[in-house]
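A.B. asks: Using the hints, put the two chains back together into the complex; each one sits in its own frame.
Residue numbers (this note's numbering), protein chains in the order written: chain B, 803 to 988; chain L, 237 to 490.
Stretch-level coverage of chain B by chain L, calculated; a stretch enters the list once three of its residues show a Cβ under 8 Å from a Cβ in chain L:
1) 818–828
2) 831–844
3) 926–938
Take a look, some chain L residues computed to stay more than 10 Å from chain B by CB distance:
4) A290
5) V296
6) L297
7) L473
8) Y483
9) P486
FYI, nobody ran anything at the bench for these hints, they're computed from the structure. Using N, Cα and C, we set each Cβ at its ideal position, and we do this for glycine too.
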Amino acid sequence: MGSGPADEELMLRYGGGDTAAFETLYRRHRGPLYRFLLRQVKNEAAAEEIFQDVWMRVIDSRGRYEARSKFSSWVYAIAHNRLMDFYRASGRARLLDPEESEAAIAELPAGDPPAEIRLERKRAVERLLEALAELPDAQREAFLLQQEGDLSVEEIAQATGVNRETAKSRLRYALAKLRTVLDQTR
Amino acid sequence: MNDPRNHELSRLYREGAWPEPSQQLDDAILEASRRAARARRSKSLVWRFGPPFALAATVVLTFTLLLRTYEEQPQLFTAPPVAKRHPAPAAVAHPAEPKPEPAVQPALNLNAVPAPAAAPALKKEAPSAARADSLQRGFEPLESPVTREAEAPARAPQTPMEKAPAPRFETAPAQMNAPQSPAAAPGAGVVSGNAGGVAAAVSARAVAAFQGTPDAWLEEIRRLKAQGRSDDVRLQLAEFRKRYPDYPLPDDLR
Numbered sequence: 803m804g805s806g807p808a809d810e811e812l813m814l815r816y817g818g819g820d821t822a823a824f825e826t827l828y829r830r831h832r833g834p835l836y837r838f839l840l841r842q843v844k845n846e847a848a849a850e851e852i853f854q855d856v857w858m859r860v861i862d863s864r865g866r867y868e869a870r871s872k873f874s875s876w877v878y879a880i881a882h883n884r885l886m887d888f889y890r891a892s893g894r895a896r897l898l899d900p901e902e903s904e905a906a907i908a909e910l911p912a913g914d915p916p917a918e919i920r921l922e923r924k925r926a927v928e929r930l931l932e933a934l935a936e937l938p939d940a941q942r943e944a945f946l947l948q949q950e951g952d953l954s955v956e957e958i959a960q961a962t963g964v965n966r967e968t969a970k971s972r973l974r975y976a977l978a979k980l981r982t983v984l985d986q987t988r
Numbered sequence: 237m238n239d240p241r242n243h244e245l246s247r248l249y250r251e252g253a254w255p256e257p258s259q260q261l262d263d264a265i266l267e268a269s270r271r272a273a274r275a276r277r278s279k280s281l282v283w284r285f286g287p288p289f290a291l292a293a294t295v296v297l298t299f300t301l302l303l304r305t306y307e308e309q310p311q312l313f314t315a316p317p318v319a320k321r322h323p324a325p326a327a328v329a330h331p332a333e334p335k336p337e338p339a340v341q342p343a344l345n346l347n348a349v350p351a352p353a354a355a356p357a358l359k360k361e362a363p364s365a366a367r368a369d370s371l372q373r374g375f376e377p378l379e380s381p382v383t384r385e386a387e388a389p390a391r392a393p394q395t396p397m398e399k400a401p402a403p404r405f406e407t408a409p410a411q412m413n414a415p416q417s418p419a420a421a422p423g424a425g426v427v428s429g430n431a432g433g434v435a436a437a438v439s440a441r442a443v444a445a446f447q448g449t450p451d452a453w454l455e456e457i458r459r460l461k462a463q464g465r466s467d468d469v470r471l472q473l474a475e476f477r478k479r480y481p482d483y484p485l486p487d488d489l490r
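Pulled out of the complex, with its shape left as it was, chain L reads as follows (with noise of 0.2 Å):
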């Protein structure tokens, strides 16, 4: 290979003819160099830009989305669970009725399940404990038909408030018949002795279960307050600022 007339011979083989494309040939080449880069460009415009736009319109939609469904249902971001809640206070509990029995606190287990005496044992309640009962079906027009049955011959005349329909107040069914268990026990006889605390679990669940706006549940105090009902108005208005610490009381209600 290295044979010097290889040499001669390439040197020979350049001197000869250089054909060489034609001006068309190469402008018709370099056109379609320049139009696949462009193609390209723009292909790889889409898949630059393709992705990232799509998650940012993924995290605007469910943004969105959670914004609206927050502002339809706040419940849904800042009910607490209602069945781990402690029962109300027994400082709470109506001043001129009795203190609820240290015996009758462990009843108050909001998972209990009520016993097929309950109705007739609630019928005896207080009318605190009525008071606490129409307080809660204010709240809770969802409640469970049967309890409503039960409680029925037993309920103190309606206040307004019972008869005016309360649409964003609901709770669950496990939370209605719990205040049941405490009077239905056996031999529970001093039912009306049980009732304060009762009617103040009950209320501390029943403002638990307040799914409305701030200002409609403000709204719903000032009349139990017109009513003279302090107790429930002190009630719900310390369950009011554990669940809007930040939102301002009107000076009524101070």
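Here chain B stands alone, though its shape is the one from the complex (with noise of 0.2 Å):
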């Protein structure tokens, strides 16, 4: 998260009126926050409300906000919220269970067969990207948080309600699929 105040000490000096502390808060957490709600809606208009109802949440918090856990926990904890609120009102609560995503696993598309032994560096990009999508929301959403939020299991569990045994394993079943994808590419 680059040096500086701690996110924690940030948000509670915005707690106090430090209006430039909430700003450097928001530039840190800004473009990881709005990827991951944009990777899980995929629509920009509904990452985009979303977004900023999270940071409205935030504002909000600020006169109780206590630095128990870290800030970014907290952070894509009300992000998680909002998005389930989100795939209730769009029919799209699937997260699925972790039997489910072996499922989910064995369905992935085949893509095109790695007959190139260099592919192009955009296009596995590319494929990732398509690969991240297609994940099932709860493992996307591991996957993103530990990307985007630089979350750990633990903290991933925090944020998401689940118990670390499940949130490992959201992890674990999103890598290997989006792995597979990358060794196809390849």
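C.D. replies: Pasting the structure below:
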């Protein structure tokens, strides 16, 4: 996350009225959070709406915030809850269990066979993002929380409201599927 | 999780497109954060200064009310409990009258309940007693009507002071009845002999009940002095000094 004051300290300072602290905090997390949401909802307008809603909740909570856990865990937990609302509203509430995930991996589109040894890097990235989009929501969320939010397994579990094993399993399945795609592109 | 391929995966992911929120969205969120902070600051000012201000206002109001009450009714703050005051010493009794016998002193118990025969007994009071009574009445317009009726036949001609209204003097009913006790006791045939002590005690208590301003009191003492009632003047001056030790006495009353 870079140098400077910790996120938690910045949030506490903002709770005391320091708007510059919030700005620093926002600049630090705006990109990752936005990408996390965008890759989850796959819709720019919806992502922006949820993104704004998450930050407004952060702003509203400034007086009650206590640095009990990482700020990023807290923010992504808010984002997770907001995503659940979005999924429910859009009929996409299908967070899968690990068992379901295995089936999902089996159904993974084969994609182009790795006929060429050297694939363009760009194509690899595109395939990765495509595969990411095709992941079950829960697995993709776990992956994005790790990549964008820089959260550990424990923090992913905390943010998503599941136990550590579930979070670990989701992340493992997500990585396995993406690695498969990555291997296929080589 | 520590598979090297995961690192490669992560690196590849980060090479992808990096969509970011629009500038418009950034501005909206940052403006909202500033607005919220401003609202909190103004709210916190109220919370910070509200309670001390309310406390200060309460103190000022209370002090003002106390001061006003003190100015209007100083007796609430200065008058000692009347019932507990010791009777006036025999030394301040009228010199022309015989000093009260020691046996009479206990009878000056202010808490004594007057006997039904009190009124006839007081009719026989000596002039000095009547004077003391008149002094008392001059200070006590709110005296008990029962006592007033009982004493009326034997009362000496009213002095100007008695006739003059004295609206700022008052006394408790118990105080009015107290002096009747010694004379009312059965067999108290030396009423006139006790009259000096009784008068002194009555005067002392009348003085104690004085609730006017110091100036009004001094004016009253001057009036007594003009009438030649030196013992009453002494008595009241002594009481005045007790009550207002720091109040400068005018030269004519020293």
